[in-house]
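Starting from the two chains in their separate frames, assemble the complex, guided by the hints.
Chains as they are written, first to last, in my numbering: chain A, 18 to 651; chain B, 30 to 289.
Honestly, the hints are just simulated from the structure, not real lab data. Take the hints with a grain of salt, since some may be wrong.
[As the list claims (entries may be wrong)] EDC-like cross-link-like pairs, simulated, lysine to aspartate or glutamate; straight-line CA separation at most 20 Å:
1. B:Lys-67 <-> A:Asp-34
2. A:Lys-539 <-> A:Asp-553
3. A:Lys-144 <-> B:Asp-280
4. A:Lys-162 <-> A:Asp-34
5. A:Lys-53 <-> A:Asp-129
6. A:Lys-299 <-> A:Glu-331
7. A:Lys-53 <-> B:Glu-86
8. B:Lys-75 <-> A:Asp-34
9. B:Lys-209 <-> A:Glu-331
10. A:Lys-159 <-> A:Asp-34
11. B:Lys-163 <-> A:Asp-138
12. A:Lys-299 <-> A:Asp-326
13. A:Lys-88 <-> A:Asp-182
14. B:Lys-87 <-> B:Glu-60
15. B:Lys-166 <-> A:Asp-138
16. A:Lys-33 <-> B:Glu-86
17. A:Lys-144 <-> A:Asp-129
18. A:Lys-220 <-> B:Glu-37
19. A:Lys-144 <-> B:Glu-160
20. A:Lys-24 <-> A:Glu-166
21. A:Lys-502 <-> A:Asp-491
22. A:Lys-535 <-> A:Asp-553
23. B:Lys-77 <-> A:Asp-34
24. A:Lys-25 <-> A:Asp-182
25. B:Lys-176 <-> A:Asp-138
26. B:Lys-81 <-> A:Asp-37
27. B:Lys-75 <-> A:Asp-182
28. B:Lys-41 <-> A:Asp-211
29. B:Lys-67 <-> A:Asp-37
30. A:Lys-128 <-> B:Asp-280
31. B:Lys-245 <-> A:Asp-138
32. A:Lys-25 <-> B:Glu-34
33. B:Lys-176 <-> B:Glu-197
[Said to hold, decoys possible] Partial list, derived from the structure: chain A residues whose beta carbon lies under 10 Å from chain B:
34. Gln-44
35. Asp-129
36. Leu-133
37. Asp-138
38. Tyr-141
39. Gln-145
40. Ser-176
The model shown is predicted, which means the values in this text are computed figures rather than measured ones. Positions of the beta carbon are idealized from the N, C-alpha and C atoms, including for glycine.
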Amino acid sequence: MALYNFKKIMVVPTAKDFIDITLSKTQRKTPTVVHKHYQIHRIRHFYMRKVKFTQQSYHDRLTQILTDFPKLDDIHPFYADLMNVLYDKDHYKLALGQINIAKNLIDNVAKDYVRLMKYGDSLYRCKQLKRAALGRMCTILKRQKSSLEYLEQVRQHLSRLPSIDPNTRTLLLCGYPNVGKSSFINKVTRADVDVQPYAFTTKSLFVGHMDYRYLRWQVVDTPGILDHPLEDRNTIEMQAITALAHLRAAVLYVMDVSEQCGHNLQQQLELFNSIRPLFANKPLIIVANKCDVKKISELSEEDQKIFADFTTEEILVVETSTLTEEGVMQVKTEACDRLLAHRVDTKMKGKKVHDVLNRLHLAMPSKRDEKPRPPFIPEGALIRKKAMEVDEPKRKLERDLEVELGDDYILDLQKYWDLMNEEEKNDRIPEVWQGHNIADYIDPEIMKKLELLEKEEELKERAGEYDSEEESEDEEMQEIRVLAKQIREKKFLKIVESKDKDIHGPRMPRTATKVERKKLEKEMGGLGLDMDNKDDSHYAEQARRSRSITKKRKREVSVVPTSKTRSQSASRLPRDQSGVRDPKMARMGRKMMKKSQKDMNRQGKKGEADRHVFDLKPKHLFSGKRTSGTHDYR
Amino acid sequence: MPQNEHIELHRKRHGYRLDHHEKKRKKESREAHARSHKARKLIGLKAKLYHKQRHSEKIQMKKTLKMHEQRKTKQKNDEKTPEGAVPAYLLDREGQSRAKVLSNMIKQKRKEKAGKWEVPLPKVRAQGETEVLKVIKTGKRQKKAWKRMVTKVCFVGDGFTRKPPKYERFIRPMGLRFKKAHVTHPELKATFCLPILGVKKNPSSPLYTALGVITKGTVVEVNVSELGLVTQGGKVIWGKYAQVTNNPENDGCINAVLLV
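In isolation and in its complexed conformation, chain B is listed as follows (with noise of 0.2 Å):
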């Protein structure tokens, strides 16, 4: 034991006091009732997060507990019915029809020709002018009216030179220029940082999307290259499209979901 262990050497030498087990038992069964005061005294925030803790250690405590219990009794096992299995009564019913079949694929062709993709968010709330573009008095007398600042998150590419400054109706500051999105794969459930290479699609208006506004819904082109994706011809991927899936102004950062 090293030098200055001073509380265990006096134990190992002259052992415990004589009630020491007894008051520790009694302290740690009291425990109880100190735990439920604290809890029912309690007030404001600090009552708010102790009752969030204690909320997951009972929901802990309890499935522990009902593990322990379906040891001991027995229950039916519904994995062993095979996936497809049908009732005796449906049994002699044939499967879809032909005709069923084919007005599917009708309908999927349609789609294809409309240009409706696929993607996570179908239906997007569209953002006003009002709510993307500032109006920003310029002149003399601050009377010019003419020019817009952008206040959402937007992409300008490498090469992006402002306008002269006299012309340059859009302004896009530089605080809410983004070049990197979080990019989730949506099978493998894994999350990169990639690099952004042009917004493709505003859903609210062609108006944001030739600006390179990034807001909820934008489908954007990410470069893909650190994921290592080839074709099936033995062509490197690099450039895929993702949907923004947050409102990137709120959160500072953009989260996407690769289009697969």
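For reference, chain A alone in the conformation it holds in the complex (with noise of 0.2 Å):
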């Protein structure tokens, strides 16, 4: 039963929109592109292509509105009267019917015209046929044009109708406009409907929920009612009958009992007759409305006696108001509970119950013997039972003191702890001490725990445990330790004296400054090592080769400065003639040298390591249709 997805029907286009849609779509999504020298074949298929394309669009979308919208026979029998007042039964199921042909049309017009193009010998005859093809299943669309019209007023229509779930507990409320439906519902759930003095303020159902004994209620306000006879009820009236007729629900009378609505209570008592039909097996109360104006018992004695028929037909009468509020709680559980004991009642009558029934079983236990076992109540329960009925003076709670002292109270809950020193209670104790966290070694069971440890460590003590071992030590290890003494001591004058320097600027790092060789021999001659005659060492040669370029030369006439002598060394030969005889062995040297690098040239790679592969034809600019201006560039 499809009862809410009256807000999932999608739209429906109207006639002219729907064509274009359509038009549109099977201009992007089918080929474009065909010329006379096609094979016919070729051709043929093109177009056919296009009539069925469209065709399908039209039935799929028709196809989808026709199952969109809920059959009036599958729906639950309120939503179809519901929808039958509203919308007219007859135009409804008409304009789906219209549509349904419309799509047989359409598709009859896609297969003449299909075969037709069978028998197509040219590129012009096949042109032709599909626009009159096309051309036809759009004109069969236009003609469907109130159709469309019609059936998107009715979804718009029909997806704002308030969730009405026939099948919960209801309360409905029905009576004459203007005795007070709508403030009764304002009142007892979070609805908001309008309230105005004038009649038929509420023009269709509004639902409003509550809550009651854990469960969830549904309240339902109709618009007014008029007493005639029903071929003569208008729409809105309409809509509260069908409420009236199918909703399973308890039902409110709410009658004006201060007659401000326009209608004496005569003329209610006479609505009340005629829908009485209605009110068969549903719980019925009588809700007599504006008692804070007039009370019954202010009324005449024929009003009265309106009244006391009610009470002798047993049929519950609540005075209530809902500008005060009296009576309206009283009604609501009234309501609830009788409509409760309805529906457990018809279940009980109905055949699922005994389904339920006979996986039930309640044991009752018997008896063993003649002990008598009662049930078990602990003392303090029963002398707090005791209190509360009696009505005790209690103890003194804080509240009672905040009250008495008013602006002087001031929050105190140390004085409820239980020390062993009880002086202690009022020291302020520290959060933070020595870099630890108070908080993190609380222990209840401290005191235990260090006499434990203490009994421990006496032991401990006593068994030797702790005594030294100097013996075990042999010379290596104390040279070891001597020598370990003396790194450290080394190391904290280092960081020392390196804290003590006074650098201006930024800390550069070690491998940045330069080392010079006098430093590097004291230091190295310093810790133990044979540093002379270290002419040829390494660094001396590098810091003499350095030397060389950084120092300036006098300049001499006779020797023209060349980049190559200034450049690089006297002893070093270039790479390029190092390891060479003669001028025959240097051609083929770079002969070699061209050789290898003529492949990597000519494909334009930049050196050996250049791997990339170019995408020449990058496939979206050079597939699909060519829309204006858009495969030219990325």
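Below is the structure:
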């Protein structure tokens, strides 16, 4: 039962939009290029595809419309009746029928023209046939303009209907206009229904939800009903009648005791009698509203007799006032209780109950012996219960103290602490001590643990675990210890030294500064290395080599300074001349170099390691339809 | 107001935003700019469709403007001059001479004798045989070429049965056989879908008439009993001639004009 899918109906487009959408879709989704010189079967296929595609699009969309809209026979009779009242069942069915016919006609047109296209022997003929086919399909749809408009309006209204569940617990409010139904629902639920002094403020059904006894209840507010025969009723009243007829709910018939609604009690009674047949099998409560203005006891004899009649018929009458909220809760509880009882009754009479009842079994244990076994209630509970009943004075609460002291009251929880030494209660405890968080170390068992630990320590000491082992160390270890001590001292000194250094500017890493030869030799000598005769060591050579570059030479007129003599030292040969015996070998070397580079250069590579693969024909620039301007660049 | 019309309910209770009307007015006045931007920047098929639609809109606007303007100005009413009124300098001419009348009569009689009816399409393009009939190759080696297939729309009667396939020379495919035509009455301007009774004459060739080929300009006989026409004597007319006005093989349907 598609109850709440009313909101999921897809939009029904207007005829013009529908045609536009489908035709542009055909143009976009089917191939667009065909030439005269193609083979005839290809041309035929091209045009047949277009005809079939258009037919398919129309068919799909129309089928979707037909399936989305609810079938009046498939939904709950309450909704079926409501839709009949609001949208006219005949018109609705006719509109859907027209859409169905249009769908079949479009299918037939496509079939005929595809069959004709098989005999098309030229591009012109196939093209004309396709044009005729599409034109015919669009004309069929143009004729459905009014049906589509009507269905769109139905869809919009349908999706806005309040979501009333016909099967759950419901309270239904009915009565003359302006008696106070909407005020009642505003009081009992969170629904914000308009309440105005003119009649027919509520023009459609309204739903509110409330909770009672841990269950969800629906309260349905109806538009007012006037007293005339069924045929004369207008759409608004018919909605109320439909709700009354189909919802299995507790009915609250609201009457206006003060007659402010414009109808006297006799008329209200007549209305009640005329719609009485609709109340069959439903728990009924008469709500005598607006009792703050006039009570039943203040009424005239005949009017009071009306209410007396109700009571004799065993219909509950409750005096309420939505203004002062008197009696509203009573009505609510009474109605809910009665409805629950009624529902349980109906379920018991039904067939499904036995399935459940057959599976349930209440076990009553039989007595074993004559020993009495009453339920156990502890002493404290009994005392407290007695105290509650007798209403003894309780101990003084903090709250009472607070009230007494008023502004002077300070909350002091420390006075309830249970300490060994009572005077320490108000001492201030530090939070952090020596960098430790005191709260981490609080342990209620700490004294016991301390005692245990002390006992253990005593035992250990007696056993001799803490005697030092000096003899077990041999000479090696001692040497190592001495060295270690030295290292530690030196390290400490160095650290202090470096901290004392007065560095202006950023601290450079050790490797960035230049180490002088003298300093290096001195330090290494200090550590015990032999640093004499270190002239041909690598660091000395490096120093000499670099010095030859940085030192400025005196300019001599005879020597023409070339870049080669300046940039390279005389002792070193350039790479392409080192190891080369004669010019012949040099030439061969050059040839080999050029040969190995030839391939790379031809392919435009940067070097040996360049393995980049160029994408000269990217797919997105060379495929697809050529819409203007989108295939020239990425 | 129904329960779930939240926007309207909010408006009723709290009114509009403080700048709502101003914003609305400005948005509406910006519409002209948006429309012109669209008209300038659209390209391709969408542009064509849009311009076509806009053109028809503008024509309508111009017409209404003109109508409004006409109310304000006064114009010369051309319909006041009765038909047949002749200016003063032609008043003393005589009417048509009797000789002219007689020669017209003779011409008409000659035309009737020749059998030339007045038809809506007097001249029609002749269809050659290669256009109408397609050669079908048959035989074990597909060399025999004596069969022909009709490529145009044709009509075969009710009791038509094919000749044995071995002997039939002209093939009229079932897909191209039509039984109904859309016939327009020229005076009533109404179109009816009437069944065809037979092909009277195909202007291109008598062969086509015999085969029942329907092309543009063919005169066919249609069943007009639907229209309920009655002769002066009281007899019901149930067959009339109509001339085909479109190319049925290109449109998939036969459109004809009734010859009254």
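Under the criterion that the straight-line Cα-Cα distance not exceed 20 Å, is the pair Lys-53 of chain A, Asp-129 of chain A satisfied? At roughly 24 Å apart (the allowed maximum being 20 Å), Asp-129 of chain A and Lys-53 of chain A break the hint.
Does the structure keep Lys-25 of chain A and Asp-182 of chain A at a Cα separation of 20 Å or less? 17 Å, holds
Hint consistency between Lys-33 of chain A and Glu-86 of chain B [alpha-carbon to alpha-carbon, up to 20 Å]: Answer holds: Lys-33 of chain A to Glu-86 of chain B is near 15 Å, not above 20 Å.
Interface restraint verdict for Tyr-141 of chain A against chain B (beta-carbon cut-off 10 Å): 8 Å, holds
Satisfaction of hint between Asp-37 of chain A and Lys-81 of chain B, Cα-Cα up to 20 Å: 14 Å, holds
Is the straight-line distance between the alpha-carbon of Lys-144 of chain A and that of Asp-280 of chain B 20 Å or less? Holds, at about 10 Å.
Agreement of Lys-144 of chain A and Glu-160 of chain B with the hint, judged by alpha carbon distance not exceeding 20 Å: 18 Å, holds
Sort out whether Glu-331 of chain A lies within 20 Å of Lys-299 of chain A, counting only the CA atoms. Between Lys-299 of chain A and Glu-331 of chain A the Cα gap is close to 13 Å, so the pair holds against 20 Å.
For a C-alpha distance cap of 20 Å, please report whether Lys-166 of chain B and Asp-138 of chain A respect it. Answer holds: Lys-166 of chain B to Asp-138 of chain A is near 16 Å, not above 20 Å.
Under 10 Å, Cβ to Cβ, is where Asp-129 of chain A needs to be relative to chain B, so tell me if that hint holds or is violated. Holds - the Cβ of Asp-129 of chain A comes within 10 Å of chain B, reaching about 7 Å at its closest.
Taking only the CA atoms, is the gap from Lys-539 of chain A to Asp-553 of chain A under or equal to 20 Å? 17 Å, holds
Holds or violated: Lys-67 of chain B to Asp-37 of chain A, with C-alpha atoms at most 20 Å apart: 18 Å, holds
Checked against the numbered hints listed earlier, the structure breaks hints 5, 7, 9 and 27; every other hint is satisfied.
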